[in-house]
Structures are given as structure tokens and as C-alpha cells.
Amino acid sequence: MLMLLVLACAPSEPCVGLDLDEDGVCDRESADFGRDALVPPGGRANIYALPEDRLAEIVERGFEHSLSYPVSVTGVLLPYRPLEHFFDPANDDAAPLRNVLANVTGLDSLAALYDDAGLIPFDTEPGDEPWAQPVPDLVDARRMGVTVLDSEYGEGLTFSCAACHAGRFLGRSVRGLTNRRPRANSFFVFGKEFLPNIPLDVFQQATGATDAETEMLARTGEHFGRVGLKEPAQLGLDTSLAQVALSLARRGEGPDAPFDPARELSPRENALATELADSKPMVWWTLKYKNRWLADGAIVQGNPVFTNFLWNEIGRGVSLDALGTWLDEDAQKVDELTVAVFASAPPRWTDFFAADTIDLDAAVRGEARFAEHCEACHGRYLKGWDDPSLPIDAQLATVEVRYDATLGPVDVGTDGLRAAGIQHFGPQLDALALSARMETIVESQQGYVPPPLDGIFVRYPYLHNNSVPTLCDLLLPASLRTSAFVQGPSELPEDFDPSCVGYPTGDAIPARWERAGAEVVAEGPGLSNEGHDAFLTAADGTPLLSDAERSDLIEFLKTL
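In our numbering, the protein residues as written are 1 to 560.
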């Protein structure tokens, strides 16, 4: 998620940010991030209307920022070199404390820390598809999302956008895809529980940390005192709404949300301490088609990339004055990341499977079912098979996406707690000086924005709360859907059900999957798998689509 930097620059002042034509006007000024912005057919993949011969270069620079967190003033940094030394088996001085940590948390190495955070690996031999992520030199390449940031205190470890917005499908890493098994929230809970209780002299002795690195740890511990945390209800979900709301409750009121030690000890009450507003991280490649952001469209104005940084740093306990200063200095990095996110492209079925695994006749029949039941909300997808002379791979391709960005939120009976959660902190966000400066407005909505469906075959489990494991289930009335499944990895063919498109369920769940902590049960407030019944159920309560019609529709959806 990201940002419109409307920095109040007079025309005579040079642009602070991306300005490829060097006319002094920031390229971002060409973009409309308002709720009424017109989105042309095919979307706004070149959101700043950059010269086509420079676009690819800027996109790759932007994706570098998604991998290496660019916010130099971030509130959470762990001293990297001391951590490496602490986890070194040859460091006998740290052995007693290392054993205690391993026994209590299971963390016995940096790799275990990365695994515990759910970070995915880089592909050893990435392809050249637009969604494939080359292994860069500028980050710790062992996991996507690991950032080793140079700070005034030394090298600090933190996590970047890719921790949640890079996922795995059949052993490949896909940038912009939802991480189905993120545990970044657990990392923050661990930090808040353990860091303030580590005696700094013991840490320094066990790790060989310098005075500056020890100060980094102390500073991070202070920031955690300004952060309110909540564990996700189930694996795959994110509690960013609650973390932002509960962190704001630990700050003073006013446009700068200043630090308030009294509030840190006695936070204001907020309903999200108990109400469930969890959601999965959303894919990036649908942003180009929209003019409002988040699953419910609650960001009705402003670049969602900015919102992402603002929310991140409220949830990391940083001073908003410091964040504003960083924006003044490093606006170009945000511009480049914005360009990359809007230019994101989804994978295609034929990137992973042979073209003949699609029944073309069935897919064409499914297109008619889609037009009848789904197109009004989810858009129209012009297909290559309108020209039967093309090769089969080209026939299966989507030529253009035509999506109605003006549709806005629609209430189709989907569990509404995530959308309702915005009301518990949206007004406080809108009152912030940074929000006003960036012209960002957040409003609680009724329902959710029906998303564009390109790349839908890799976006399981479905709905904003991950409550539906397959397309087969999603196209049934809610009462007939699978209500319990395991959110496993996606490494081997057996980890994916290509017929139903999603997780294998029931007896088909791979025996090697570790179920503990990965079970999903779609029941209770915030976790319901209800929704869409009006489009799927006949007047007598029976499924509106026959088995054959559902099968045809799924075949069409595979090609999006």
C-alpha cells in the first residue's frame, strides 16, 4: 500500500521526488488519486505517465525499495551484527542466553527468526516473467522482506513491504502476491514482550555490541512501548488495523500524535482491542484498475503507498515529525515504489501449467456464465480467443481488463467486521497533519470493493479473511462451503488443487503439512465464509449453477 506526496512546491522550486523530464514539476503531479479519478480500460499501469523507455528502469528501482525498507527513521531496528554474533554457535559467551531463547521461543538462528516471521525465499534461478523477482545485491538475499538498514547506530535489521506482499506458488516466489503464511505480527509481539526485559549490559556482553548498537536496541524498546499489538486470529491474516488503532491510543491527541508516556501506560480504549478486523494482505497488481484502496475501499483519496508507510510507522512507534522529515528528503523512493506497485503484473496459468491443461471450449462457455453472474461487479476480461487463428497460449491470454472503478463498495453478505473496523481509527488518521499534507482521506465503508480478478488462480484462499479455500467452494452457497482447511505451503504439485483452484482439502491435504497453527476454521465474528449467496442460490435455496456450469466458470477464471 502506498502514497501521494503532494509536497507544497511552488513551480519555481525544484521537485523533491521523481522528475524524469527535469522540468521542476514532480511526475506524481500527473496522477489523480481522488475517489472520482477516471480509470481507462486496461488500468493505470503507468500511474505517473512516465516515458515508456524509462518505465522499466523505474519499476525495478521501485521493487528494490519493496525489498529493502527505505524508511531510514523507522521505529523498529534490531542490531544486525550483534544478532549474527549472538546466534553464532562458536560464541560461547552467548550460549546460556541463546539456549534460554531457544527453549522459550524456538529461535536458535537468524534463519529461524526469518522462518518464524513467515518470510519467503528468493528463487535461486528466477525467470524473466514480470512477476518474478531477481535476486538483488542490495539486501540480505536469504529471505524476501529482510532489510539490513544503515542507521546512525550501525546496521539494523527490520522487515520491508515484501514480508507481506511477496508470496509463493508451486515453489516460485511471486512479487506482489499475498504472503499466505505471514507471521510479521508475531515478530512484533515477540519484540514487545522480550526486548524491554533484556538488560542492556547482558545484551552487550553476549553479543559484543558497540555502545551505538546497544543504544539502537534501547531505542527500539522505547518505541515498542508506544505500540499496541494484537495477534491475528488465524495464520494468513494481518492485524494492521488493530495495530494502528491501538498504537494511536498510546499517543497524545492532536495533528502530530505526539508521544505521551502517560498514555503508553494507560491507553485510550479502542474497540479493536477486542473486535476482529483481520484481513489478508492484498495483491498489488489490481491497484492499477482502482481509484480507492484497501479491501473495503476505505482510502477514498490519496496514494495508498503513503498510507502504508504512515500506518507502518505508527505501528512501529516512530515520531510523525521524523517521518515527515524523511518524506521531505526521500520522496523519490516513495515515487519509485508507487510506480512499481501500479505497474505490477499477475502471473498467468500458462506460466505454471501447459496450455492444454485448459479446456478451451469449457472456458468459452464459462465466459458466458461469468458475464451473467460476475461481470457487473468484477469487470470484463477481453480474451485472445476472439481470434481463433492465434496460437492457443495467445488465445488464453487476457487482452484487456475493463473494470468499473466507480462501482465502490458493495455489500454481498461478506463478513463485515473488517470494513467496520475502519470507524475505530479512521477519524484519528484523517486528523493527522501528515494525512492532510498528503491529501489522504480514510472513510468507513459499508461492504467491500469487488476486486478485479486477474491472477485469481494464485489468490486463494478467497475473500478478504481467507475463509474460502477454493473456487469450487466460493461458487457454492455459503452453507455448502468447506469450513475447515489447512493453510499450507505452496511448494509441490500436491500443494495445489488445479481442478478446484486452491488448497487441497479433506483427505487430499498433504501428509507432510504441519497442521498446528495453520488450521483455518471459518466460523465466528470476522471469520465467516458467507457472501455472494444472492448470485449463487435459487429461490428454493438450491445452488443456482449446475456442477457443469460451475466447472465451466472455473475454467474461465483460470485464464484471467
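Bear in mind the hints are in silico, worked out from the structure with no lab data behind them. Worth double-checking, as some hints may not be accurate.
With beta-carbon atoms standing in for the labels, derived distance ranges [to be verified]:
#, residue 1, residue 2, range
1, Glu329, Glu253, 26 to 32 Å
2, Arg512, Ser266, 46 to 52 Å
3, Pro391, Asn103, 55 to 61 Å
Please read all numbers here as calculations on a predicted model, not as lab measurements. Glycine residues also receive a C-beta, built at the ideal position from the N, C-alpha and C atoms.
Status of the hints after comparison with the structure:
Between Glu329 and Glu253 the Cβ separation comes to about 28 Å, which falls inside the hinted range of 26 to 32 Å. The given range of 46 to 52 Å is respected by Arg512 and Ser266, whose C-beta atoms sit roughly 48 Å from each other. Checked against the hint of 55 to 61 Å, the C-beta distance between Pro391 and Asn103 comes to roughly 59 Å, which is consistent with it.
In this structure, every one of the numbered hints holds.
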